[in-house]
Structure formats: structure tokens, C-alpha cells
Amino acid sequence: MSYSITDPSPRTKWFAGTLVILYALITLMPLLWIITTGFKSQSEAIAYPPSVLFEPTLEGYVNLFTTQTRVSEADLAANPPETFAEEIAASKGMIIVGPSRFGERFLNSVIIGFGSTFLSVVLGTLAAYAFSRYRVPLKDDLMFFILSTRMMPPIAVAIPIFLMFRTLGLSDTHLGMILLYTAVNLSLSVWLLKGFIDEIPREYEEAALIDGYTRFQAFYKVVLPQAATGIASTAIFCLIFSWNEYAFAVLLTSGNAQTAPPFIPTIIGVGGQDWPAVAAGATIFLVPVMVFTILLRKHLLRGITFGAVRK
Amino acid sequence: MAQIRIENLRKDFGSFTAVQSSSFTIEDGEFFMLLGPSGCGKTTTLRMMAGLELPTSGHIYLDGDDVADRPARQRDIAFVFQMYALYPHMNVRRNISYPLISQGMSRGDVRRKVDEVAGILGIEDILSKPVGGLSGGDRQRVALGRAIVRDPKAFFMDEPLGALDAEFRERMAEELRALHDRMGATTVYVTHDQLEAMQMGDKIVVMNHGVVEQFGVPQDIYDWPATMFVANFIGSPPMNLLEFHGMAGRGTDHVMLGDAKIAVPTLLDGAQGDLALGVRPEHVHLDDDGSYRGRVTATEYLGTTQIVTLSTAHGDVKARIASDKKVEIGEVVGLRFNPSTVSVFDRSTSRAILSDGNKGVLAHG
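Chain order of the listed sequences is V and P. Position 144 (the first sequence) corresponds to 144 in this note's numbering; numbering is contiguous. Position 202 (the second sequence) corresponds to 1202 in this note's numbering; numbering is contiguous.
So that you can see chain P by itself, here it is in the shape it has in the complex (with noise of 0.2 Å):
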């Protein structure tokens, strides 16, 4: 098992850049998931971690040594590709033993090793099944019984649930954390699911035009985003954004959202102009004291909570509220954000301003 750490990684095809300067580090056994949108560069950092691809630049360290050069053979690592790409040609337990036969491990060896895993994956009745009429799912088992079989330093792995369908990627989703949790292997997962992230990664990076925008757990990433990117792209509705434009003083505890005073963390680096304020849904409250209003334009219900649009003099907020407030269309309300949750972001530079409430976040980001 292995710590896997990234130094200035950067990837060229051509002209155009799809890696620039990435530099994180995954730690032994952590469930690390690489996130963002298609085409932010994910998939190609997987890809030089594994040896797919080689860097135009950077280092990948694989247990202190830098492999960034060496081919995929000599890194002793295992990929599972999102169309789970089995080799047609042979059956599940030649499948399954192809990357020991590689190694010229003996066939009882070869044989055992195979059926201990198959075990693990409750696959064993199928494992003399050609691959082609196998199900999604136990395609998918079966490629992980190709990649764990080795027990080899870590695991990547790129949008493996992707191909499934929603009720049963749940149920993969829990088995493949729960194989990590007994295997305690180091695993590499790409998605552009940001609930999927969030609900398996010990850690996430999330990725945008190449360029790693944070890095951190996903409690962190979630409260107290580095950048307006990572405050829209992640949850679901995503992060208030109210765009305003003014004055965010070091020292100051407030904004000024029009004439409504908004209290914010105590701010520790100060930014004016183009500034957007940042408040997550669950922390916007429906309080006719408030000083700030808008009106209501839509409701959702969705069960134990309601998302209540709201209409305001800087754009649509959305709350989620209990479901069993009574809200009218057309209405107009008092809003309230939760003071300690508040983040303010310097629009020219899309970064959050360091506060009391970020700081430890920001300060490893």
C-alpha cells in the first residue's frame, strides 16, 4: 500500500493544456476522489498516475519514488475502467488470473488466489461464464476482482459506476467503499458525481479547466469552498451566490447587500469591487425580522425539506427549509443567513477572502 503524491504534474496535447501544475498528496489507504466537470483534466491525471499518459512535466511519486516516467507494467498499480473493458475473448476466471499469469505465478497459485477473490466478490458461480453476456454489475465485479487479485500498492479507478444504472450504483457504491474499508487499500476515483464524492471520499480535489481549485475533506470542500467553482459545482441545489458590488474590509464583521447589513466571519484579508457573497441553502432562514428580502417565486418539495426560490434585488436565492412551513408564491419574505456560515468571494479573482470561518480550510488549500 502506498502514499502517492503529485508535484506541478502538467499534461500537453498539443496546444491545449489539460493538466496545469497540479500538486496534491494522497495519503496511505485514503479513498481519494478526483472531481469536476467533463473534461477538466481528471481523467488525464489518473491516466499519468496509472502510466497511461506520460507529463509533459511534474513528478508522481509512488511511495517516494518518482515513477512520472516509467511504464504502467513496473508501477504496480490496478486501473478499473468505466466501460470495464474485459477482455472479450476470455472467460471471467482467465479474466480474473490474467495479471497473475503476467507475473509467471504458478497455475495452482493462480487458481487459488482467483477463487479467494471471487469469494470476496460473491462471484464464484460465474467465474467459468464467457464475459459478453454478463449483467453490468457483475462485469463491474468482475473487473475488480482484475484489479484487487494482485493486491497491488493502490487502486485507480475512473467513473467505475458510471455505466450503471442509478438504483444499482447505489448498491456499488457501497460495496466498493466497503471493500476498501477491509482491503484498506489506497484508491484513486474519478467522477464528475459530486454526491458520489462526496458520500465515499475520504478526500476530494476538484478539478476545473485543469487546474486543481481545492483540495480537502469533503466536510471542508462542502462548508467553506475556496472558489465560486467549487460553491457551484458542489451540492445540490449548489451555494448561493449573491453578486454584489462594494466594499469587504480586513477586520470587518459585515457587508452591506444594498441597504441590508449581512454579517459574515470576520474577515482577514480584504477585497473590493466585484464581491459575491456565499451562503449555503440550508442556512438561509425565513425570518420576517430580517432585513434583507426577496420574493418567493417557486417551491419544491422533496419529502422532510422544501427548496423555497426566492427572488432579490441581487439574484435568485434558493432555501431549504422544513417542508412543513407554509410558504405562498408571490409572497414576500424576510431572509436571514446563518452568520458563521457566510462566505465572501472577490468576483476578479473567483478565491474566496481568507475569514475566521475559512481559514483553516484556505490554509492548506
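In isolation and in its complexed conformation, chain V is listed as follows (with noise of 0.2 Å):
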């Protein structure tokens, strides 16, 4: 029996079938870690070998999102626990003073992780279509020099970045965050755009501007439609950038801008070794990020041009 390129045999399907299995799998497990951690009590999240089977437990969450203090048994009569966060408080001797800073952290990376996302595809996209469209003075070598601001690692300048930020009035602040985030992702958001615009092609803004439409409503009637595709990969991998940043995030912000992934690791330090607080603000931190990919999914896997200019 004899199989076709196309169509491989039913070993070789086998055998990739369970090699794809197995790397999910191995790239899944930390994941899977995480977020059961996250439910796990402090005993059980330290506990060797590690339990598989357990008994849940939001008393993670609860740690993570309020700020606690040890009172005596008296003291603990007096205030009854009313809700379900200050019983799990009250089991450890303890009662709620108050929330915690997670919630600010967390709003401070929505702000500046979507803000510096908005502006870098924003600015990204009229940049490649500016490169991919007209004819600028010294266009490869502007290309490349907005992709050498990637040849090393941006932490590297990281100090002329703080003293400019202090200077400028930017250290600690939202803004100074957003600036420095897209500044970072403008480079690769320019490159992803232009390869998409440069593939879509350009009959489509002619017609429009022989239909009548000057050449802005050309770019965002027709142009910007057909590189939904390539606005939203570009989109995705900025806001992974930019939510995931830590170096930048613990040099430059403290009281005011700290994003969540400087601050996560702090919920260590506050009463013992919190496993499971440090696992809930990790698994919350995740979700947004994999919300707005599965959103941007269907445009990830779609090829809108199909079939519409024959090539």
C-alpha cells in the first residue's frame, strides 16, 4: 500500500499526533500548576509531593485582594465574621482592614499595558503605510534604523531612560509608562504592518480614490478593513510586551504607575510565604491577555482578501 505526499501514513499522523500531545502537555503543565496553586491552602500549596486531589480553597484570593491583621481572640469575638472573605480571615486569627493594592496594580497594567497597545498600533499603522506607500527619502534606511532600536535588549538603557524620566516629571507616572511601552513595541508593530499593507494591494485605494474618496478615506475605508488581520496580530504580541514587562515597570514606577508584575512577587513578603495569593494574582494577571487573544482570534485566522483580486 502505497500513500500520497499529501497524505501521510497512518504511523506518521500517529507519531505527530502524539508529539504534538506531549509539548502541549509539557507547556501546559506550569500553567495548570498556577491556577490549581492559586485554590490550594498554604499547607497543601507547600506540601511534598505535591497534592494532586484537594480541597479548594478561595482563601488565596481573599490574601491577595485584602489587606489583614493578627487580633487577639477577644478582639476576634467582638467583630463576627459577616462575609465569606472575613470567615476565611477568622479561621487564621485574623480580620480584613481593608483591600489590598493588587486591585490598583492591576488597573495600572490595564491602563498602560491597552494604552501603550492602542498608540502603538495606532502610530505603527500610519507609519507602514506611509513606508509601504509613498515614496520617503531614505526608506531603508529609516526601516532599519527603526528595527536597530531592537538590537539590544531595552533594559540596557535603562538608566539615561530614568534620568530622562526624572527629568521630564515621567518617573512614577501612567503616562511616562505608555510613552515608554510604545516607544519600545513602535518598532515591531512598523514591521508587522508594513509586510501586511505591503501585501494588500494598492487597485483597492486607487479605485476608492477614482470612486471619489480623498486619500485618507481611502486608507481607513478600504486599507484599514483588509489589514484587520495584521492590525490585530500586531496588536497581540504589543499587549503581550507590554503586560508582561517587569524590568522597566520596577525601576521606573512605585506608588503611583506600579504595574501588576512588579508588585505580584511583593504579596511574598506580607505575613509568611503566601503561595496561593502569589498563584490567584498570577492566574488573574493571565486573563486578560488570553480574553483579548481569544477575541482577536478569528481575525488571527482569517484571510479576508481571499479570492477578491486574482493573482
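Simulated from the structure, these hints should not be mistaken for laboratory data.
Dumping the calculated DSSO-like pairs for lysine-lysine here, alpha-carbon to alpha-carbon at most 30 Å:
#1 K221(V) with K1153(P)
#2 K1129(P) with K221(V)
#3 K298(V) with K221(V)
#4 K1129(P) with K298(V)
#5 K1113(P) with K221(V)
#6 K1359(P) with K1318(P)
#7 K1261(P) with K1318(P)
#8 K1261(P) with K1359(P)
Put the complex together from the two separate chains, hints included.
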């Protein structure tokens, strides 16, 4: 029995399938570990061998979102727990005195992450369009220059940036972090988007110019819908970078604009090694990027220009 | 509808000159062909007329107004692209209505107008379909619909049939010409296919290397090519060009091809040195009395006619003769050229020498 080139033999398929499943297990394992740890009690989180089956508790989440303090038996009795969170705290002899700073830090991450993603994509699309369509003097040199900003790790310029930010009053501000992440992301977004826009035939815009539209109308009514796929994937890459960025966030932010990545490790210090709270923070931190990626997934997979231009 | 006049139009891309000082006039209602090999500047010329490229210098008059520096949207013209360029994210109806929407036409009027155009083109049944799944012919019709829906001053078409297969091309060519005759709109059509140009055009401009070689009605261009390039580019097989070294004096009515005396229309100009005699294959007759002789090297049967290739002292000659005439390969036969159809070219300039035959054509070309 023979098999064609395009249709692999059952044995090959079986082998390839096993390999993919194995790879998926290996990459998903840490994720699974973190998510389950978030629902473990402190003793179960450090149990050896690790427990696979356990009784889930929201202790980690409560610790993550609240500030607690240890009180005497009498005080505890005087303030009977009312909510389930207070009950969890009470079971350890603590009462909740207020929210933790995690909410704020998480909000900072959302503002800075999505803000810089938005700016990177808008500026990147405009720049990529200009580079793709117009005769820009020294085009190749400029494109190389833009790329060259990524040729060293961004953190290598941390000290000059730190000094600049201090002088400009941008240290520990949302605007400063948005500008910084935009600057880092811009080279990626210009290069990625130029590739996508180069693929869109100029005839579409030319047809719109002939049909009575201005250059800008042609750009946003005809080019943008065609570039949706590229814009979506660029946005995902930009968001993943600015969402996960740690080093600049540690150096340049503290009280006001600190994002979640530098904050999560500090949870460890509050009242012993609270691994479930850290894991809960990491789990919640994962959610926005995941949701964003899933929302834009259909754009990533769909080639909307299919068939409209004969090549 | 409009008359279009091109004056000394020039386009440089850096150091490369795509079009150099073209001048011609397209009369109102004409079906006008821009013909030439790829890279000859015909598409650049069309794009300058449409406002998609800015000319380096020169003028484009649309009904007397110089529009050379105006953006495309202010010229009121329609363009049909070779690759259709239908908006891929819109359905057929929206594609056709798009030029009307930019004018701010009311929704009801747009609807009525699109329905009318769809009726003309016979595409009522696909109006709500996305453009992605359409056949090549239907896409072409939608592109035409988008062009005619606005009643523009002129239609510009850049090889609109180039992407269709041969059989369908024929049919679309007829449809296009019929549409033109019905609407009477000035149409400028770019093609590299000389048959298409002859078949559809009222007038043809032949371009090569950015230069207008000849401008006129198809029959004049075919019968009396102004340059050796046109002689060679138009016709299938093209005009025979017998290269010889000699003398063609003003007022003479013959040239000497070796020892043979070949009658030509009376020359109104003279030249000597490297010359060429041009004669269309259908004007070459096999005649045993002919003083000019050639050996048959190949025959090609084409149904009603056959193409006989003969080897002569001045190069290969192709003759188109009736297919019932028996010709043996290797046979040496006499050739006679129909004297009133012969052109003489000066090879140093590649141009035809003015004669009684071509004076009417070359005078305005």
C-alpha cells in the first residue's frame, strides 16, 4: 500500500499527534500548576509530594485582595465575620482591615498595557502605510534605524531613560510608562504592519481615489478593513510585551503607576510565604491577555482578502 | 462625455523615463486603444490621465480643462483595473454603489441606479453576493458596473480582459464594445494584444519605450506602419521586413533588391544606405514569373489560408496564400509583392519613407 505526498501514513499521523499532545502537556503544565495552586491552602501549596487532589479554597484570593491583621481572640469574638472572606480570615485568627493594593496595580497594568498597545498600533499603522505607499527619502535606512532600536535589550538603556524620566517628571506616571512601552513596541509594529500593508494591492485604494474618495478616506475605508488581520496580530504582540514587562516597571514605578508584574512578587513578603496568593495573582494576571487573544483570534485565522484579487 | 487631449506628456521615475513627450487627441465618444509591449509606458500614460500618477511635465486636457495636477476624485472619470480591484470586504451591490455614496446620493437613488446598471450588465442575481466567490467574468462585470454607475466623463481600462481565459475574453470583448456603443462614452483602453486593439478600437496609439510610435485608425496603422517597430508589432504574422543596402531616391517607383527590381509606391522622399522593404504576408504572391525568388522552408496550415515561409537572400519571408495551393518544402518559387501595398523603411531612423501610399497616413501621424 502506498501513500501520496500530501496524505501521510497512519503511523506518521499517530506519531505527529503524540508529539503535539506531549508538547502541549509540557507547556500547559506550569499553567495548570499555577491555577491549581491558587486554590490550595498554604500547607497544601508546599506539600511534598505535591497533592493532585485537594479541597479547593479561596484563601489565596482573599489574601490577594485584602489587607489583614492578626487580632486577639477577644477582638475576633467582638467582630463576628459577616462575609465569606471575613470567615476565611477569621479561621486563621485575622480580621480584614481593608483592600490590598492588588486591584490598583492590576488597573495600572490595564491602563498602561492597553494604552500603549493602542498607541503603538495607531502610530505603527500610519507609519507602515507611509513606508509602504509613498516614496520616502532614505526609506531603507529609516526602516533599518527603526529596527535597530530593538537590537539591544531595552533594559540596556534603563539608566538614561531613568534620568530622562526624572528630568521630565515622567517617573512613576501612567503617561511615562505608556510612552516608554509604545516606543519599545513601535519598531515591531511598524515592521509587522508594513509587511501586511505591502500585501494589500494598491489597486483597492486607487479604485477608491477614482470613486471620489480622498487619500485618507481610501486609507480608513478600504485599507484598514483589509489590514484588520495584521492589526489584530500586531496588537496581540504589543499587548503581550507591555503586559508582561517587568524590568522597566520595577525601575521606573513605585507608588503611583506600578503595574502588576513588579507587585505580585511582593505579596510573598506579606505574612509569610503565601504561595496561593501569589498563584492567584498570577492567574488573574493571565486572564486579560488570554481574553484579548481569544477575541481577536478570528482575525488571526481569517484571510479576508481571499479571492477578491486574482493573482 | 469628453474629449481628451494629451500634450507633451512626460513621466520620469528617478532616472528612468517611462513616458517621453506623448501627444495625441481622443475625440468625444471614441473607443481608444493604447497599444504596446509591456514596459512601453502605456499604463503609465493611462494612470497619468486618471490622476493616479502625477506627470513630470506636460498637459492633460479633459474637455478643455487642464487636469494634469488635479487629484483623481476631481476628474470625474472611471477606471477598470486589470485585477478588478473590487473592494473585498463589500458585497456586489455595495461595490457598485460605492462611487455614488461618495457623492452623497440618497439611499433610494443609489438603489435605483445600481439596479439599473445591474440590469444593463445582467448581474441582478448576484447583487447580494460577496465578491470573493465570483467567477472572473462576473467580477469583470461588477468592475464595469462600478465604472458606469456614475456616468463619468470617460472610462479608462487597464487590460481589463487580461485575466480572463481566451474563450471568455472574446465574449467580454464583444460585450464591452457593445456597452461602449450603447453608452457612447469616451473610452481609453490599454492592451498589449494587437488583435484586441484592432478588433475593438476606433483609434490606436502604438507606444514603445515611452514614445508614441504611431497614432491613427486601425486600418491605417496596419496598412501603413510609420516605423519598423509598428510593422513588426502589428499583424500575425507581422509585416515582412527585407533588409537591404542600397538606394531609394525621391520620385522613384522601384528599389533594387539584389538583382530584382521591386515596384513600390512613388517615393516622396529619399534615403540611401541601410534600408528595409516592408510587405504584409497577404500581399506576397507565389508567382513563377516573379524575378525575386525564395526557397520554401515551412508551411503552416490555418484552414482557409496557409502561411508559407520562404528563405530569400534578404531574410525569411512569410506569405499568406490560399490553403488549396500546393507548395512543396524545398521548392524554389518566384515571389511577387503587390506594389501598391509596399513600404520602404530607412533602417538608420527605423521610420517609413514618405510615399504615395502612406502620405495620407504619415501626414498626421
